[in-house]
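Visitor: Protein chains in written order, with our numbering: chain A, 1 to 245; chain B, 1 to 291; chain C, 1 to 424; chain D, 1 to 317.
For the record, the hints were derived by calculation from the structure and aren't laboratory data. From a predicted model like this one, the values you see are computed outputs, not experimental measurements. Please note: incorrect hints may appear among the correct ones.
[Unchecked claim] Using 30 angstroms as the maximum straight-line C-alpha spacing, the simulated DSSO-like pairs for lysine-lysine come out as follows:
# : chain 1 : residue 1 : chain 2 : residue 2
1 : C       : K371      : D       : K80
2 : C       : K142      : D       : K80
3 : C       : K205      : D       : K80
4 : D       : K80       : C       : K144
5 : C       : K174      : C       : K142
6 : C       : K70       : C       : K411
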Amino acid sequence: MTASLLAATGVTKHFGGFYALEKVDFEVRAGERVGLIGPNGSGKSTLVNCITGTLSSDEGTILFEGHDLAGLPAHRRIRRGIARSFQLPRPFAAMSVLDNLRIPLLYAAHTHGGKWRSEEQAGDEAMDILRQMGLDAKADEKSGGLTQVDLRKLELARAMAARPKLLISDEAMAGLSSNEIDEIITILLGMKERGIAVVMIEHIMRAVVHFSERVAVLVAGRKIADGKPDEVMRNPEVEKAYLGE
Amino acid sequence: MEVTADLLVNALISGILLAGFYAAVSVGIGIAFGMLDVVNIAHPAFIVLGAYVAYIAHEMLGADPIVTAFVLSPAFFVLGLVIYRIYYYAFERHGQESLRSLAFFFGILFITEVVLILSFGVDYRLVNTSYSSTTWRVGFVDFPLRLVVPFAVSLAMTLGLHFYFTRTFFGRSVLAVAQDPLALQLMGVNPRRVKELAFALSIATAGVAGAFLIVIQPVQPALGRVFIGLVFAITVLGGLGSITGTMVGAAILGIAESFTATFFGPSWSPAVSFGLLLAALAFKPTGLLGR
Amino acid sequence: MTRKHPRLAAGLHSAVQLATGLLLAAGLASAHAADPLKIGFGMSMTGPLAGNGKAALLAMEIWRDDVNAKGGLLGRKVEFVTYDDQTNPSTVPGIYNKLLDIDKVDIIMSGYGTNVIAPAIPIAMQRKMVLMSLFGTDVNAKFKYDGYFQIMPNGADPSLGLVNGFFEIAAAMKPKAQTVALVGADAEYPHAALEGARRSVKNHKMKIVYDKTYPPNTTDCAPIIRAIQATNPDVVFVASYPPDSACIVRAANEVGLKTKQFGGPMIGLGYAALKTQLGPLLNGMTSWELYVPEPTIKFPFIKEFLAKYQPRAATEKLDPLGFYLPPYAYAQMQIVGEAIQKVGSLDQGKIAKYIHANKFSTVVGDVSFAKNGEWAVGRPLYVQYRGIVGNDLEQWKQPGKAVVVWPASLKSGEHRYPYDQNRK
Amino acid sequence: MKARWFTPIVFTVTLLVVALALATVTNNYFYTAAYIVLQFIILATAWNILGGLTGYVNFGSAAFFSLGAYSSVVMFSLFKAPVPLAIPVSAAVAGLVGLGAGYLTLRLRGVFFAIATLAMSEVLYTFVVNWDYVGGARGAYIILQDDPPFGFSNHTQYLFTVMALMTAFAIAVARYVETSRLGRGLAAIRDDEVAAECSGVPTLRLKLISTTVSGALMGMSGSTFPYFMQYVEPTSSFSLSYSVNAIAMPLIGGMHSWAGPLIGAILLGTIQQIVQVTVSSAWNLLIVGVLLVVFVTLAPDGIMGWFDHWRARRRRS
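Just chain A, same shape as in the assembly:
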């Protein structure tokens, strides 16, 4: 067992009287592929937001590589290596696809990628990433005009451009065709080679089971299961939560 990369313990978040997360423990080891599933409104996105710093949690601690992330704003967390994609794509719409990738390359990647990049270097690296994603032909297009699948790819490409150690992919496949889903899965599986741990949040079970080494299940703000995919799927509580829908 490798050491834990991300260790969240007892994370609690409430909005007024509504508990979106209640004492959730969540762990990711370096290079691991983890699936995070749960019905709508179960708190998956809230957990992502608490980990990446878009929201601050009310209780609990989140350690990344052993360091407490408490109080760190989102931009400092991505600089430590936690990148994310958004459920609804949020491109920098007025910029070209290439420039979208320049932002994390210039603002996040330097901290653990070793060096400040020049504009040219950032451009070259961005092009590399786009090539891997199959987006290189669209490098000069305005990102606002991309198709759905390209927007999803751009989300992932931009997250990768931060040179992360952990990538959280928030429903990158919702609404895509099955060919497109396979494309995205291939991209995510490729992360392992680069030593990037991936947390995949998804509704599409086929993809989750195929992809994940481990699966955690959130229901109504609590984690009800965590383990190997086939074990978790057989868990009666999980079955209830899903079949009961």
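Place chains B, C and D on chain A using the hints.
Guide: Here is chains B, C and D on its own, set in the frame of chain A:
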């Protein structure tokens, strides 16, 4: 300054009467900006236009300004329709364009001002109605009809609008349109049509508020600029998306102004009003009754 | 505008000059004897004081036509070059530099009011031009320019001269007024008047019980009047601009202000617009005026001037009475014109010296100037409005409606007090 | 053009133009009109750093301009501060207030931020009106008795030169902000603030830099105003026209680069100067109004937008 019951009660009444006028002036922005997200900064210019229309009718026919305003409100309604059409084709169709539409309405503000200057000159105009110089006195409290009449009509108008927006199908679809135009379309309602009519309604209120304005104070073509800050302050302070929010905002600023003028020194009243707005924005950006 | 001033062509021409950077050295083109004599100034034609500005411009144009009918000045036809200063001081440097450098005017005059006079003075000083100015309040106190003159008849200490009459009336009441409330708008002129009032109150050994200002666009002045009433003053002094003059007068009537004397230098009450609109609400007030048709006021030629002014003002939708600013706008031109004619040249130094040294007979009476360019002896009027019925304009052209109660030499009636018993 | 050459070139061109003007132009009207146009170039350029590059609409440009002007008034009243000293202090004061406005962006976006700046402007105006030391509602006089320094023949020419150099500085700053890493970060904030923060952009810090720089440049443009007028009063220095022009000029010129506000300000500023001395200002207002309506409806990306389109089309063919 010694605080006496006389001053206190009168300050409160003055503030409430003023609030009635402020509500009428702001309710159009409450609809256009608060419900439709149209930053109609030219609204005060239409109010001044309404004031001049009422003035002309009074000079030529001796008509009461407020009666004129209601009689002519269909004309303002049509003006609103036209402006919304232009706005729609230039901006709304393309989505996120609040800054450019802001500039657009600035342009409309200037053009309206110039039209007024060229047709009426730059002098202050004022209308004296039969009730302009009557004051009811109840105990030690004054009720000048110059303010009471606009207050009462304004209250009726804003309450009417409130019920219209909360109780009718059309009204509710206006409230829905900003939040979820797609769902509305699925219900068989054309969101553009809804916004168009609601915007036209907001301009119609400007005509009425203009009549109040010329009953209450002398008017010159550029007076509208003074009200820009005030109307947005009132709308934002009370909270967007409801007529009651506008009424609460108007009440707060009206009473604050009256109390500042009575007990501290009128010179500070803009600082108090806009300080309140800044504080509200800093601590509760959605306004006091915000959605 | 172009209808009245054929400036469009000239302006475009100068714009082309500016754009191409074609630049003539000043003084190259010396005036030919047959050339018209050009008088240039900015004037408020838009903006909050435009009503006054346009009326003043009309009066000045009447003077121009009168002079040209008599053969002009120095044998030259008089021409105006005017620009709209938008009642905005920041336009003034551009306007006056344009007048002097591009239009090459021979004489400059000021626009209306302190705000636009102040930034014109440094330019006049730099070019050593005489600046006859229209209704500034003690602007020269800081500049101390000897080519500066000012036509508002408040005397050598303008802010005190403006208000002194009001407090002399208060002091003459029996018993003498003891307590004073001062209130005014947050603008240049009212603050100057309030400053004078504080000094005058002190001179008359009275006591200030209320001293506040308010924003010029106040919608409802009743809270102010009530706060004043709560201090129960013998005298209420107001310094205001047109819109808030109306606000204060109406509030005083609505609240039922109880005091012995109420009024002051309230700009706007001199115009037909507010006179007719406020009508009977003015009764009993003690107000500052510059001309009223009382039998004691016998300025030479003023009737002739008004006979020319009033019909033209009516067609141009300007102040149809013309009692406040227009006669003085005309008078300042008479003074400058006479000085040029007597000096026999456009030598600015000699013109200034002549104006300082002589007494002028104008439509507003005899005028001579103190060292600081103000009237040597002030002559503001304080009147009490009486017997105003309805909103009819014609009644204001009759004597007995605005009775002069100060100064004693021009008095046409006695001051009646207390105010609240003379309101009806 | 290489970035490091831009600033020297701007300053060299500015100095050459100024020297040429001083050598050939004697009429002061040129200098006063040019001064006003330059003042608007700085205001528009400064506004664009926050409004165009960062996406936050400042509706209170007049307040920052006045902060600069009144800082100079205070300095002059205290010890007759010369212009070169008044400028940095005015910029610093306006920059500090800009920093404060930057913290508003924590909670306020879009129109709400615009309304907050408008409210701030009203509050500052009320303070100036009630502050007797700077003349209150009566206004303040700055009377320049001495001859202008550095051998200039009069104050107008001196202030014109100073203004031209400040304009060059403002343009250099705007160009630097736009083309640097900072500019990329601001553009990311403009497009999507949450995504920017999650891409490593320290959004708060960048917004604070943007509001501070923008405010400081606006303050700078107002700092020489009292010396130019020798008289300032609050109503006109807080005039809506500064705020509107600061928005309208970049909008007409184009908001995505430093050249947009420059072109817009030269165009609109010059038109206003010409109209002021030709037709009545009622028409002046009408021209601004019509230009605004026409440009925002027909040329959404301003003049620079046309230019970019034209360049793109030429490259393609």
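Visitor: Each of the hints needs a verdict: does it hold here or not?
Guide: Verification of the supplied hints:
1. C:K371 x D:K80: holds, 27 angstroms
2. C:K142 x D:K80: holds, 15 angstroms
3. C:K205 x D:K80: violated, 38 angstroms
4. D:K80 x C:K144: holds, 18 angstroms
5. C:K174 x C:K142: With Cα atoms ~40 angstroms apart, C:K174 and C:K142 exceed 30 angstroms; violated.
6. C:K70 x C:K411: violated, 36 angstroms
The structure fails to meet hints 3, 5 and 6 from the earlier list, while all remaining hints are met.
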